[in-house]
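Chemist: Keeping their order, the protein sequence lines are chains G and L.
The opening residue of the first sequence carries number 1 in our numbering; numbering runs sequentially from there.
The opening residue of the second sequence carries number 1 in our numbering; numbering runs sequentially from there.
Certain hints may be false.
Said to hold, decoys possible - Cross-link-like lysine to any residue pairs, in silico, SDA-like; alpha carbons within 25 Å at most:
#: 1; chain 1: G; residue 1: Lys896; chain 2: L; residue 2: Leu26
#: 2; chain 1: L; residue 1: Lys49; chain 2: G; residue 2: Ala584
#: 3; chain 1: G; residue 1: Lys684; chain 2: L; residue 2: Thr3
#: 4; chain 1: L; residue 1: Lys27; chain 2: G; residue 2: Asn681
#: 5; chain 1: L; residue 1: Lys49; chain 2: G; residue 2: Gly426
#: 6; chain 1: L; residue 1: Lys64; chain 2: G; residue 2: Pro613
#: 7; chain 1: L; residue 1: Lys99; chain 2: G; residue 2: Trp910
#: 8; chain 1: G; residue 1: Lys684; chain 2: L; residue 2: Thr85
#: 9; chain 1: L; residue 1: Lys64; chain 2: G; residue 2: Asn761
#: 10; chain 1: G; residue 1: Lys193; chain 2: L; residue 2: Thr85
#: 11; chain 1: G; residue 1: Lys890; chain 2: L; residue 2: Phe29
#: 12; chain 1: L; residue 1: Lys49; chain 2: G; residue 2: Asp249
#: 13; chain 1: G; residue 1: Lys279; chain 2: L; residue 2: Tyr41
#: 14; chain 1: G; residue 1: Lys890; chain 2: L; residue 2: Glu39
#: 15; chain 1: G; residue 1: Lys381; chain 2: G; residue 2: Gly426
#: 16; chain 1: G; residue 1: Lys986; chain 2: G; residue 2: Trp910
#: 17; chain 1: L; residue 1: Lys64; chain 2: G; residue 2: Trp747
Keep in mind the hints are simulated off the structure, nothing from the lab.
All of these numbers come straight from a predicted model, not from anything done at the bench.
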Amino acid sequence: MSTRLTTGGRLLNKAKQVTFSFNGKQFTGFEGDTLASALLANDQMMMGRSFKYHRPRGVVASGAEEPNALVNMGQGGKFEPNQRATTTELFDGLTCTSQNHWPSLEFDVGVVNNYVARALPAGFYYKTFMAPAAAWKHVFEPIVRHSAGLGKAPKDRDADRYEHFYAFFDVVVVGGGVAGLMAAKAAGQAGAKVLLMEQTAHWGGRAPVDGGKVDGVKVDDFIDATVAELEAMDNVTLRNRMMGAGVYDHGYILGYERLTDHAPLLDGPRHRLWRIRAKQIVTATGAIERPLSFAGNDIPGVMLASAMRDYIVNYGTSSGDRVVVVANNDDAYRTAFTLKIHGLEVPVILDARPNGGGALADAAREQGFRVENGKGIAKVKGGKRVTGVAICAQAGEGAVLEEIACDAVAMSGGWSPVVHLWSHCGGKLIWDEAQAHFRPDPDRAPTSHDGNAFVVTAGSASGPLKLGDVLVDGQKAGEVAAEAAGFAVTSAEAPKGEVHDEAPLVPCWMMPQGAGPKLRMKAWLDYQNDVKVSDVKLAAQEGYESVEHTKRYTTLGMATDQGKLSNINGLAVLSDALNQPIPATGTTTFRPPYTPISMGAIAGEARDEVFQPLRRTTIHDWHEANGAFFEPVGHWRRPYCFPRGRESHADAVKREINQTRESVGLLDASTLGKIIVKGPNAGKFLNMMYTNMMSTLKVGKCRYGLMCNENGFLMDDGVVARIDEDTFLCHTTTGGAERIHGWMEDWLQCEWWDWQVYTANVTEQYAQIAVVGPNARKVIEKLGGEMDVSKEGLAFMEWKDGKIGDFDARAYRISFSGELSYEIAVPASQGRAFWDALLEAGAEFNIMPYGTEALHVMRAEKGFIMIGDETDGTVIPQDLNMQWAISKKKEDFLGKRAQMRDHMASEDRWKLAGFETEDGSVIPDGAYIVDHGTNANGQRNTQGRVTSTYYSPTLDRGIAMGLIHGGMKRLGDVVEFNKVDGSTVKAKVVDPVFYDKDGEKQNV
Amino acid sequence: MLTLQCPYCGVWAEETELHAEGEAHLKRFGPDSDDADFESYLFMRENPKGVHLERWRHASGCGKFFHAARSTTTLEVFGTYSAQTLEPPQDIKDKISAKIPNWSWREFS
Chain G
1 MSTRLTTGGR
11 LLNKAKQVTF
21 SFNGKQFTGF
31 EGDTLASALL
41 ANDQMMMGRS
51 FKYHRPRGVV
61 ASGAEEPNAL
71 VNMGQGGKFE
81 PNQRATTTEL
91 FDGLTCTSQN
101 HWPSLEFDVG
111 VVNNYVARAL
121 PAGFYYKTFM
131 APAAAWKHVF
141 EPIVRHSAGL
151 GKAPKDRDAD
161 RYEHFYAFFD
171 VVVVGGGVAG
181 LMAAKAAGQA
191 GAKVLLMEQT
201 AHWGGRAPVD
211 GGKVDGVKVD
221 DFIDATVAEL
231 EAMDNVTLRN
241 RMMGAGVYDH
251 GYILGYERLT
261 DHAPLLDGPR
271 HRLWRIRAKQ
281 IVTATGAIER
291 PLSFAGNDIP
301 GVMLASAMRD
311 YIVNYGTSSG
321 DRVVVVANND
331 DAYRTAFTLK
341 IHGLEVPVIL
351 DARPNGGGAL
361 ADAAREQGFR
371 VENGKGIAKV
381 KGGKRVTGVA
391 ICAQAGEGAV
401 LEEIACDAVA
411 MSGGWSPVVH
421 LWSHCGGKLI
431 WDEAQAHFRP
441 DPDRAPTSHD
451 GNAFVVTAGS
461 ASGPLKLGDV
471 LVDGQKAGEV
481 AAEAAGFAVT
491 SAEAPKGEVH
501 DEAPLVPCWM
511 MPQGAGPKLR
521 MKAWLDYQND
531 VKVSDVKLAA
541 QEGYESVEHT
551 KRYTTLGMAT
561 DQGKLSNING
571 LAVLSDALNQ
581 PIPATGTTTF
591 RPPYTPISMG
601 AIAGEARDEV
611 FQPLRRTTIH
621 DWHEANGAFF
631 EPVGHWRRPY
641 CFPRGRESHA
651 DAVKREINQT
661 RESVGLLDAS
671 TLGKIIVKGP
681 NAGKFLNMMY
691 TNMMSTLKVG
701 KCRYGLMCNE
711 NGFLMDDGVV
721 ARIDEDTFLC
731 HTTTGGAERI
741 HGWMEDWLQC
751 EWWDWQVYTA
761 NVTEQYAQIA
771 VVGPNARKVI
781 EKLGGEMDVS
791 KEGLAFMEWK
801 DGKIGDFDAR
811 AYRISFSGEL
821 SYEIAVPASQ
831 GRAFWDALLE
841 AGAEFNIMPY
851 GTEALHVMRA
861 EKGFIMIGDE
871 TDGTVIPQDL
881 NMQWAISKKK
891 EDFLGKRAQM
901 RDHMASEDRW
911 KLAGFETEDG
921 SVIPDGAYIV
931 DHGTNANGQR
941 NTQGRVTSTY
951 YSPTLDRGIA
961 MGLIHGGMKR
971 LGDVVEFNKV
981 DGSTVKAKVV
991 DPVFYDKDGE
1001 KQNV
Chain L
1 MLTLQCPYCG
11 VWAEETELHA
21 EGEAHLKRFG
31 PDSDDADFES
41 YLFMRENPKG
51 VHLERWRHAS
61 GCGKFFHAAR
71 STTTLEVFGT
81 YSAQTLEPPQ
91 DIKDKISAKI
101 PNWSWREFS
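With the hints as extra help, turn the sequences into a complete structure.
Modeler: What follows is the structure, encoded as structure tokens:
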């Protein structure tokens, strides 16, 4: 069993006991524990179940690479799934539950998958569920949905706060092990502004566990002294509980700082995402031990040798009483020594190397350990816990030589440098034959904007694993980085670390090397995703030769640990199956983040009202105070309607329309884009931007214009007013102002830069209010002022500057409703006062504001198109029967050439028409006009679609516009629109102008 | 998250401040052009592994469009330059040649 020892536990504060709960059971641990070490101390080796087969799983590792020990943490607004027990610091009151089982961790129904594992081989997702078609929906999908997924999705709103932090450094060092400390010190001493981050709460990495001396003092003391030195340096910032999450272009690096995960009662944000720009980055990210692939290597109790050592030294926790050590390298002997020192039994050390180990192996024999060279594990015995191992010759096929009882297995397949951050931004790797791992190739580093390397690796992340080499490499990395960041470096001699001679490891990708199919089926590569040696072999056999394809086919390395343990073993097995060297297979791509980071940290402060800026018109407050129901339009909120009391939205819209058509209404049109185009060549320029001829527009007049992109498709529309000979004011759609301004600038800056034109986006400089309806003129005249707004004084499609009441007004006689209408712009500062004045003046006419829905209905009644309704980026003006707005005299305008292409000129294009249902009902949004027959997929053929559809209060019936094959040639035809319920509704093709066809009302 | 120096206002701008605006040095073909030229103008774009000439806009800054010569593989920026030119300046071409002899991009080399 696993238990708390009386010895060890250098990170624990045994004076401070804490209580926590796991699956509802109360446990105790010590301050300084991780959740994993505390669970182990309570003999809770089994911490979860695997994803696919629901096999019992125990903790394997002691750090960020842990694939099995994932828990649901917290409750309510603090709930979070998939938290690694190994990186979760224990605190008083912690509650968590294990994942991926039903009804309980101990007894799980899903484990039936384990017994039908033969039917769930690699790629079973792609091979099963294919037929019959109906079975997917009714049989497979419900089952898959019930059993799939790790953890539970949070149900409540996240109760914590998060923030982003921007920072700039000369040198950022990732990893606070001895290499990182050395690098930070070297760079700091050179004068660089340095940030050193460490993902755990402790400095020194695993050096204190592995032991040894530096310049004659214990490595622990060396670490303390170095940290103290760094803390004393003003130009060095140290941050623990902060992970280097990703390295990006040009020295951009993300730091993920966990501020309160270990102490939820602390004030302040839970996570802080550091967005750092660094001149140089040092990755001192260490190395991760590899598992060995033998049958039953996933049974709880089988752990990485280094992790078992960590649990004893750091947390005073044993993983078992009798531990078999199995390895292909010398490092694992340290675990055997540690076990023995702390009074635990090691019945045998199995060294897979035919000639065994070096000095450490000799020392082991001297101390009386039984060491077996050339031996391995044929099979681990046990179910929810290891009960023993069967020993075999590594060179053979698994014939059992002996069975040994034990309750834990410490395995080591060698070490792989953590190359993730190096690789994120293009750093390349080389295969190191001696150590059997990929390590960064210093000659092919990630390069920055100046073409020079901006990442350098330090310590084990570079490849070397011995203390002495790590210290030297760490110091060198700090010096290289400081120098590259522009600091003068005086090379000092690195402290000397104690180095033991170690015999080289011998790669061991499968144990035993000749393991047959039965053993391979139980030899796990990826624990979390249940990928076994047999799956990778099968993938290779089925032709998945690329490592990227194999990954996706088998899901190897696709779990939340992203293959930290499984990657190298998996591709070694693949290489073997493909009979090619490992470097020829290569690795999959390393992508950020290094370990999952919280969605909250990514969002930072961007939630609720600061999620994005809200643009408010000068009249916005009035809308809010008067019960407006808003809809988002771009970053604006526009009133959709102004419901009164318990009035429904539909009733409000109807009231607003009736009032406007019968008397007078007000619209806050301030959001419409307003762009000034000015200069001697302004007319020539607008002739290019619009399909219409704008250069002939007379001063004082307005013209409605269309804008197309170079593909010929409509992109915006609006009224252009000529202010003087050199000046035009172009109105755009509300959502289009910035885009169209940019579009104009693009052509002026990049194509016709010799034309004398400048533009200014003055959208927010004006408040613009439409006064609309038969009584509009009376309301304006009542305000007084000098402006003549009579039919003769300000005719339809004219504009005029002057005083209306006390206001500096520019009045445009334009109409989007078909009624007598004035759109009046006043300086933004006068907007609200003008609105109030109009309301007061219009009181006797029952004046009321109307919203965007009334605007839409009224324009549809008039057959006016709306960008985004009638257009969708594939519609040209000709489709909307707007040839009248396309100048035939102009040689050129944007979109003209495209509109000459065959397909654009085709008679088969769907074109605009109006539609009236026979029963007066409203056609559903998005409905298609069905045609005879079906297409290749068995769907009804279509011959058109609705683009705008409304209930018209004016006509008291449903009206619609749409695009139909044949367009207005189909007048009088009766067609069918589909409905959501599968039925259709009949409608007649009519003129899209439903109201005041001759335009008399707007021209009075 | 690249950084580019705006050649107009001199600011070293981060990618969040910029808009990518597609390929540089496109020649516009208008109403008189034949189908092949027009198709090429509308749709045919370079997708190089290596040197690329691009348009960028300092959108959340001075608003100017400019050109950048950079490597899509090494992320090296050889230079940014005015959008009001028909070809990259000689000093930038030299800088590219120094790193990548015999480079070419459309008609430039």
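Chemist: Hint check: Lys684(G) vs Thr85(L), CA-CA at most 25 Å. Holds or violated?
Modeler: Roughly 22 Å separates the two Cα atoms, so the pair holds.
Chemist: Given the hint that Lys64(L) pairs with Pro613(G), test it: the Cα-Cα distance must not exceed 25 Å.
Modeler: Distance of about 23 Å is within 25 Å: holds.
Chemist: Hey, Lys49(L) versus Asp249(G), does the alpha-carbon distance stay inside 25 Å?
Modeler: The hint holds at about 16 Å.
Chemist: Has the given pair, Lys890(G) with Glu39(L), been kept, meaning a C-alpha gap of at most 25 Å?
Modeler: 22 Å, holds
Chemist: Decide if the proposed pair is consistent with the structure: Lys64(L) and Asn761(G), CA atoms, cutoff 25 Å inclusive.
Modeler: 14 Å, holds
Chemist: Is the straight-line distance between the alpha-carbon of Lys381(G) and that of Gly426(G) 25 Å or less?
Modeler: 44 Å, violated
Chemist: If you draw a straight line from the CA of Lys279(G) to the CA of Tyr41(L), is it 25 Å or shorter?
Modeler: Not OK: Lys279(G) and Tyr41(L) at ~40 Å, beyond 25 Å, violated.
Chemist: If you draw a straight line from the CA of Lys193(G) to the CA of Thr85(L), is it 25 Å or shorter?
Modeler: With Cα atoms ~40 Å apart, Lys193(G) and Thr85(L) exceed 25 Å; violated.
Chemist: Holds or violated: Lys49(L) with Gly426(G), Cα cutoff 25 Å?
Modeler: 13 Å, holds
Chemist: Regarding the pair Lys99(L) and Trp910(G), is the alpha-carbon distance no greater than 25 Å?
Modeler: 53 Å, violated
Chemist: Given the hint that Lys896(G) pairs with Leu26(L), test it: the Cα-Cα distance must not exceed 25 Å.
Modeler: 18 Å, holds
Chemist: Against the 25 Å threshold, does the CA-CA distance of Lys64(L) and Trp747(G) hold or violate the hint?
Modeler: 12 Å, holds
Consistency with the previously given hints fails for numbers 3, 7, 10, 13, 15, ordered from lowest to highest.
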